[in-house]
Amino acid sequence: AQRVTQPEKLLSVFKGAPVELKCNYSYSGSPELFWYVQYSRQRLQLLLRHISRESIKGFTADLNKGETSFHLKKPFAQEEDSAMYYCASFSGNTPLVFGKGTRLSVIA
Amino acid sequence: DTGVSQNPRHKITKRGQNVTFRCDPISEHNRLYWYRQTLGQGPEFLTYFQNEAQLEKSRLLSDRFSAERPKGSFSTLEIQRTEQGDSAMYLCASSSHGNTIYFGEGSWLTVV
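Chains A and B are the protein sequences, given in the same order.
To convert, take the position in the first sequence, counting from 1, and add 61; that gives the working numbering.
To convert, take the position in the second sequence, counting from 1, and add 59; that gives the working numbering.
For reference, chain B alone in the conformation it holds in the complex (with noise of 0.2 Å):
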């Protein structure tokens, strides 16, 4: 499959703990979206990259929240001292120069 894969699909952590999730785009696709999804909601857009590049991070939730693509490839999301409000679903998706975005299939976080 060489669609966008996100890893790990489910994660259960407890409050004031850090998480990080990776994300691997469709291979050679230059833009890499984060998008966060609560129940009863639409995906919510955090931040994106333009090969390495973040052009827009001012959507992040917070300062805990931070994301990176060091070599332009796959890209990691870190929540540092989760709270139990970030509990969501957290989408990975990856576009051709601002073509059809694709969503990899999501990671569950859940913070007791």
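Extracted from the complex, chain A is given alone in its bound form (with noise of 0.2 Å):
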């Protein structure tokens, strides 16, 4: 079964500084990888997704399969970066799985 581990329930940062946010994933064949972050008070939203290696507010994430990672990076963090971020996978007709999630506050 394929499960997606984010091992940071918190992750506190100063502004300017930069952010890593893990998450490993268990999978034989080859997933899609996505992240997804929720603003306060705000619904579930695509950040990026590893097919279209595109950079999104200033965030990159390299899919490493000798990892099985998809660490989501930033090298200078903003206070409106403060937010829950949710890693997830899916594979052909299986559905998309998430990670518990790691909430990454930004300090001024």
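These are calculated hints, taken from the structure and not from any lab test.
These figures come from a predicted structure and were not determined experimentally.
Beta carbons are placed, not taken as given, at the ideal position from N, Cα and C, and that holds for glycine.
Please note that the accuracy of each hint is not assured.
[Said to hold, decoys possible] With a straight-line Cα cutoff of 30 Å, these simulated BS3-like cross-link-like pairs (lysine-lysine) come out:
1. B:K73 x A:K161
2. B:K70 x B:K130
3. B:K70 x A:K161
4. B:K116 x A:K161
5. A:K118 x A:K134
6. A:K134 x A:K76
[Stated by the list, open to error] Just a few of them, taken from the derived set where beta-carbon distance is under 7 Å, the chain B residues facing chain A:
7. Q100
8. G101
9. P102
10. F104
11. T159
12. I160
13. E164
Two chains, two frames, a set of hints: combine them into the complex.
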């Protein structure tokens, strides 16, 4: 069964500091990986997906198949980045499976 | 707003009562998903539809939970004989042919 692990429940960083939110997945095939974000009082929304290889709001994520990881990174955190971040994966007809999420708090 | 719409947004019910949530997906999205989210957890998959066909329902939490999408458009999630453990956020999402999944704002259920 697919499993997505986000080891940190809470990550606090100072404004301007680099951010790395960790995500590891377990799946033997070729999953698609996503990062979703939920800002306070807003709906869950897609931040980025690995196949598009985009940089959204300064965030990037690289799929490392050897380490089965898809860590989310940003070089300089901003206060408006404070939110819940969820890593998710799916493959073929399987449902999108989410990790438990990491709350990012950016301190001014 | 043409996003995924859910109602009611909040529901407080007494234990043992039945509740029904409605989801209107983004127009012409053929896939519709239901998830549940409790505090401190990520969204947990419950079931999904492709058009009117329910393709996966083994993850529904018990036989008290059922979902329908009779005409391939809106969907309902019903919980019968609610229990306090059913208190959670129920999320609906939709997508087109397995592409990006878009979520609604969710329906909060409190069972007292």
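Mind checking the CB of P102 (chain B) against every CB in chain A and telling me if the closest is under 7 Å? 5 Å, holds
Does the alpha-carbon distance linking K70 (chain B) and K130 (chain B) stay inside the 30 Å limit? Holds. K70 (chain B) to K130 (chain B) sits at ~25 Å (cutoff 30 Å).
Does the interface hint hold: is Q100 (chain B) within less than 7 Å of chain A, judged Cβ to Cβ? 6 Å, holds
30 Å limit on alpha-carbon distance, applied to hinted pair K118 (chain A) and K134 (chain A): Satisfied, since the Cα-Cα distance of roughly 11 Å is no more than 30 Å.
A closest beta-carbon separation below 7 Å is what the hint needs, so does I160 (chain B) meet it against chain A? 6 Å, holds
For the restraint on F104 (chain B), tell me whether the closest CB of chain A is nearer than 7 Å. With Cβ-Cβ at 4 Å, under 7 Å, it holds.
Below or equal to 30 Å on CA atoms is what counts here, so check K70 (chain B) against K161 (chain A). At roughly 24 Å apart (the allowed maximum being 30 Å), K161 (chain A) and K70 (chain B) satisfy the hint.
Against chain A, run the beta carbon of T159 (chain B) and see if the smallest gap drops under 7 Å. Check passed: Cβ of T159 (chain B) comes within 5 Å of chain A, closer than 7 Å.
Does K161 (chain A) lie within 30 Å of K73 (chain B) when you go C-alpha to C-alpha? 29 Å, holds
Holds or violated: is there a CB of chain A closer than 7 Å to the CB of G101 (chain B)? 3 Å, holds
Going by Cβ atoms only, is E164 (chain B) closer than 7 Å to chain A? 5 Å, holds
Need the status of pair K134 (chain A), K76 (chain A): alpha-carbon distance at most 30 Å? 14 Å, holds
The structure agrees with every numbered hint stated previously.
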